[in-house]
Amino acid sequence: MLTTMLETIEQRTAVASQESGSPMALWLHEWARLLLRAYEPGRRVVYVSAYAFPMEILAAFDVVPFDFELTSGLMGVMGGAVPSMEEAENRGYSLDVCAFHRTALGASYLEEFPKPELLITTSHYCDGKAKTNEILGMLHGRESLLLQVPAAVSKESVRYVEKQLRDITGKIGEAVGQSPDHDRLKAAVRSSNRARQSHQVMLELLKHRPAPWGGSELIAFSINGLLFSGTEVKERLNDAFMVAMQERIESGRLRPEKHRIYWFAWLPVYASNVFEILKEREVSVPLCETFRIHSDEIDEYDPFEGLALQCLRNPFVGPGTRRTEGLEEIMDDYHLEGAVLFATPACKQANTAYTLLRDTLARCGGPFLMLDMDICDPRNYSAGQTRTRLEAFVELLEQRKH
Amino acid sequence: MTGTIQERSRDVLYTCSYVPEEIILAAGFRPRRFLPGGPATDAFIHPNTCGYVKSILAAALEHGGVQAAGIIIANSCDAMRRLYDLWSEYVRPVPALFLDVPKKTDADSIAMFAAELKRLAETLPTTLSGRGIDSASLRAATRTCNEIRALMGEVFSAQRSAQSDVSGTRVFDLCLAGTTQATTDFAADIRRFLAEVAVEPRPARAPRIVLAGGLVNKRNVVAGIEKAGARVVALDTCLGLRHYEGSVEEDAPDPFLALARRYLTKPGCARMQGFEERLRWTKGVADEARADGIVFCSLKFCDSCVYDAPMLNERFRDLGIPFLWLEHDYEWSGLAQLSSRVEAFIELRQ
Numbered sequence: 001m002l003t004t005m006l007e008t009i010e011q012r013t014a015v016a017s018q019e020s021g022s023p024m025a026l027w028l029h030e031w032a033r034l035l036l037r038a039y040e041p042g043r044r045v046v047y048v049s050a051y052a053f054p055m056e057i058l059a060a061f062d063v064v065p066f067d068f069e070l071t072s073g074l075m076g077v078m079g080g081a082v083p084s085m086e087e088a089e090n091r092g093y094s095l096d097v098c099a100f101h102r103t104a105l106g107a108s109y110l111e112e113f114p115k116p117e118l119l120i121t122t123s124h125y126c127d128g129k130a131k132t133n134e135i136l137g138m139l140h141g142r143e144s145l146l147l148q149v150p151a152a153v154s155k156e157s158v159r160y161v162e163k164q165l166r167d168i169t170g171k172i173g174e175a176v177g178q179s180p181d182h183d184r185l186k187a188a189v190r191s192s193n194r195a196r197q198s199h200q201v202m203l204e205l206l207k208h209r210p211a212p213w214g215g216s217e218l219i220a221f222s223i224n225g226l227l228f229s230g231t232e233v234k235e236r237l238n239d240a241f242m243v244a245m246q247e248r249i250e251s252g253r254l255r256p257e258k259h260r261i262y263w264f265a266w267l268p269v270y271a272s273n274v275f276e277i278l279k280e281r282e283v284s285v286p287l288c289e290t291f292r293i294h295s296d297e298i299d300e301y302d303p304f305e306g307l308a309l310q311c312l313r314n315p316f317v318g319p320g321t322r323r324t325e326g327l328e329e330i331m332d333d334y335h336l337e338g339a340v341l342f343a344t345p346a347c348k349q350a351n352t353a354y355t356l357l358r359d360t361l362a363r364c365g366g367p368f369l370m371l372d373m374d375i376c377d378p379r380n381y382s383a384g385q386t387r388t389r390l391e392a393f394v395e396l397l398e399q400r401k402h
Numbered sequence: 403m404t405g406t407i408q409e410r411s412r413d414v415l416y417t418c419s420y421v422p423e424e425i426i427l428a429a430g431f432r433p434r435r436f437l438p439g440g441p442a443t444d445a446f447i448h449p450n451t452c453g454y455v456k457s458i459l460a461a462a463l464e465h466g467g468v469q470a471a472g473i474i475i476a477n478s479c480d481a482m483r484r485l486y487d488l489w490s491e492y493v494r495p496v497p498a499l500f501l502d503v504p505k506k507t508d509a510d511s512i513a514m515f516a517a518e519l520k521r522l523a524e525t526l527p528t529t530l531s532g533r534g535i536d537s538a539s540l541r542a543a544t545r546t547c548n549e550i551r552a553l554m555g556e557v558f559s560a561q562r563s564a565q566s567d568v569s570g571t572r573v574f575d576l577c578l579a580g581t582t583q584a585t586t587d588f589a590a591d592i593r594r595f596l597a598e599v600a601v602e603p604r605p606a607r608a609p610r611i612v613l614a615g616g617l618v619n620k621r622n623v624v625a626g627i628e629k630a631g632a633r634v635v636a637l638d639t640c641l642g643l644r645h646y647e648g649s650v651e652e653d654a655p656d657p658f659l660a661l662a663r664r665y666l667t668k669p670g671c672a673r674m675q676g677f678e679e680r681l682r683w684t685k686g687v688a689d690e691a692r693a694d695g696i697v698f699c700s701l702k703f704c705d706s707c708v709y710d711a712p713m714l715n716e717r718f719r720d721l722g723i724p725f726l727w728l729e730h731d732y733e734w735s736g737l738a739q740l741s742s743r744v745e746a747f748i749e750l751r752q
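Going down the list, the sequences are from chains A and B. Heads up: the first sequence begins at 1 in my numbering, then just goes up one per residue. Heads up: the second sequence begins at 403 in my numbering, then just goes up one per residue.
Note that these hints are calculated values from the structure, not bench results. None of the values given here were measured: they were computed from a predicted structure. There's no promise every hint is true.
Which stretches of chain B does chain A cover? Using the computed rule of at least three CB atoms under 8 Å from a CB of chain A, they are [as the list claims (entries may be wrong)]:
id, segment
1, 481-487
2, 496-506
3, 696-707
4, 713-726
Below, in silico cross-link-like pairs of lysine to any residue (SDA-like), each with a Cα-Cα straight-line distance of 25 Å or less [to be verified]:
id, chain 1, residue 1, chain 2, residue 2
5, A, Lys-155, B, Lys-520
6, A, Lys-155, B, Lys-506
7, B, Lys-506, A, Ser-154
8, A, Lys-155, B, Glu-716
9, B, Lys-702, A, Gly-177
10, A, Lys-155, B, Val-496
11, B, Lys-506, A, Gly-173
12, A, Lys-115, B, Glu-716
13, A, Lys-163, B, Lys-506
14, B, Lys-506, A, Arg-363
15, A, Lys-171, B, Thr-507
16, B, Lys-506, A, Glu-156
17, A, Lys-115, A, Ser-154
18, B, Lys-506, A, Gly-141
19, B, Lys-505, A, Gln-310
Beta carbons: idealized from backbone N, C-alpha and C, even for Gly.
Given these sequences and hints, build the entire structure.
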């Protein structure tokens, strides 16, 4: 079922990306192609948490990266996650387990996911991801690795993460029967540095009023786009979104905009009215926390140290206040009036400190909404409740403006 | 919370069995596992957070505050690290210190944890106005803790012995007392307990149950199992066996490395990587105690346990060991329902 779904996406987006040059179509096309490659005979698949682990390392090998959470998200987008979740629930996984993880576990029991050679994840962002990685490793009879990223940046922690990255690189080589290629790693790091430059341009363009891009596409791309880090695909995707933004600004084809807000955490992947309501009420989301840049360019001659620092400086590592660092300045720069925290019930690491986020917003003078909704399980979705909460929030924004 | 106001001002609270009591003792404080008894709160934290974290916040913010020199919060789980954020921001009178505990047990992780423990030993006395920690004070504290571990080892051994009828409820009460008592008082209590046990060997004829899982903070479930006619022969929880298993090398050249090694390699809780090792450990506990079943108890919204439980259930079933998973909310508000499930489970074993 998953492969059929992917083939459909690949075919539909192939035409759309060529005819319209739509960056969204291009992105979905590349994603579907990559996932389909994981099912080709003879391919070496490595499960990896693409939004947390330095993908440049995988780009230096002939492997197909497969992120079980992002793929679960895609299944949710296509309306195909529920049967997998039900499979996991029937096997004892509670509804308190993250819906992405239930989908991944169920899909693995149903043999919908490809067989990996190795599984890699990180200690950040959440506990559930590391647990799922280990369970999937057991189901497939393959080794599961954890990159432990300490809370503080120190000489010891940089050395510790760097050493783990070197060890994991060696393990990938052993698992797929290929020696680590340092020139390819250098090339991947160079590619990431170029993508970082276009990312910076995109961040500048997003300051434009009305916003030339944003909302669900921005949030989803900010996370899922990282699957291609260290490859030319990521550079092409960044360029495509950047050019599209420039064209919108130049042509004036921009959505009307009354309010601009910041977005914390993730988004619902199934069909919901969240971004429709925001569009109706002319509210833009020109920036989300997952699209900010937190690390420097990486020295291609010493890639492991730079990649270790990239992990250590992730705002989801360490104290929750890292998520609000520089927020006041950002609120000014991007003319943001408030913020939404998308709170999927199982995501303790993102939700638990909501009071910190709320109070920081209050200090910046903006209203804050914690939008309780599941990330991938449409069975708990209520369009009416979502509308009531979002409209009340928009009214608050309006009151503050007048 | 026990002791006089003056004594409580020397208390350093901690929230996880991975926090070394040795460091707290060496700085001249009294280590106390923080197990507040009041109701939980949703006012400062997302409702889908475990009841333990919510109760800690409630105790600090809503029920008259906390009297202690400070608190050490380990990054046991996502909820705990966010508890540290909230405590630092909103519970200012009682300083919080953060302890970063790796989830892995390899040599590099042990070395990293040793560096973290050294940092804690440097900051704890200065932040909480304690005594500076040196090798001698740390070694003395290590000896004290090792002595208690050895004594508790005898208690657990008596509990699982088929030649005696040591009530699991009594052992649980002793473990709970250990979270609040001064080390010398606790050691004396354990000795008294052992002396009583030695006097009355009385084999029990009842289903033998291992209570496993995460934090079990109240005696109700142990008492419930025993009231239903079974005997709890081992407490494989973070206040029980896992808290006391394995000693710290006393004459190690680097005492922090010795502490890190013991704490990271002691039988792991569900937060750690290594499901197979945990399974082997609990299976070993059940085998040694000749158990007829395992009751696995976890806190509602405890991610670490909720991901482990289905796989544990499946694997123990395959091994022919009956397994019951119970979830509690720290306040044990659904006790009657839990008791019915326990009674049915025990009845099947009789």
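Here's how the hints hold up against the structure:
1. 481-487: Since three or more residues must qualify, the claim that chain A covers the segment 481-487 of chain B holds, with 6 doing so at under 8 Å.
2. 496-506: holds (count 5)
3. 696-707: holds (count 4)
4. 713-726: Satisfied; 3 residues make the cut.
5. Lys-155/A <-> Lys-520/B: 14 Å, holds
6. Lys-155/A <-> Lys-506/B: Holds: Lys-155/A and Lys-506/B sit about 20 Å apart, inside 25 Å.
7. Lys-506/B <-> Ser-154/A: 19 Å, holds
8. Lys-155/A <-> Glu-716/B: Violated, at roughly 43 Å.
9. Lys-702/B <-> Gly-177/A: Since the Cα atoms of Lys-702/B and Gly-177/A sit roughly 43 Å apart, the hinted pair is violated (cutoff 25 Å).
10. Lys-155/A <-> Val-496/B: 29 Å, violated
11. Lys-506/B <-> Gly-173/A: With a Cα-Cα distance of about 22 Å, the restraint between Lys-506/B and Gly-173/A holds, given a limit of 25 Å.
12. Lys-115/A <-> Glu-716/B: Measuring from Cα to Cα gives roughly 22 Å; hence the hint holds.
13. Lys-163/A <-> Lys-506/B: 14 Å, holds
14. Lys-506/B <-> Arg-363/A: 39 Å, violated
15. Lys-171/A <-> Thr-507/B: Distance of about 17 Å is within 25 Å: holds.
16. Lys-506/B <-> Glu-156/A: Holds, because 16 Å separates the two Cα atoms, which is no more than 25 Å.
17. Lys-115/A <-> Ser-154/A: 37 Å, violated
18. Lys-506/B <-> Gly-141/A: OK: Lys-506/B and Gly-141/A at ~20 Å, within 25 Å.
19. Lys-505/B <-> Gln-310/A: 20 Å, holds
Comparing the model with each numbered hint stated earlier shows that hints 8, 9, 10, 14, 17 do not hold.
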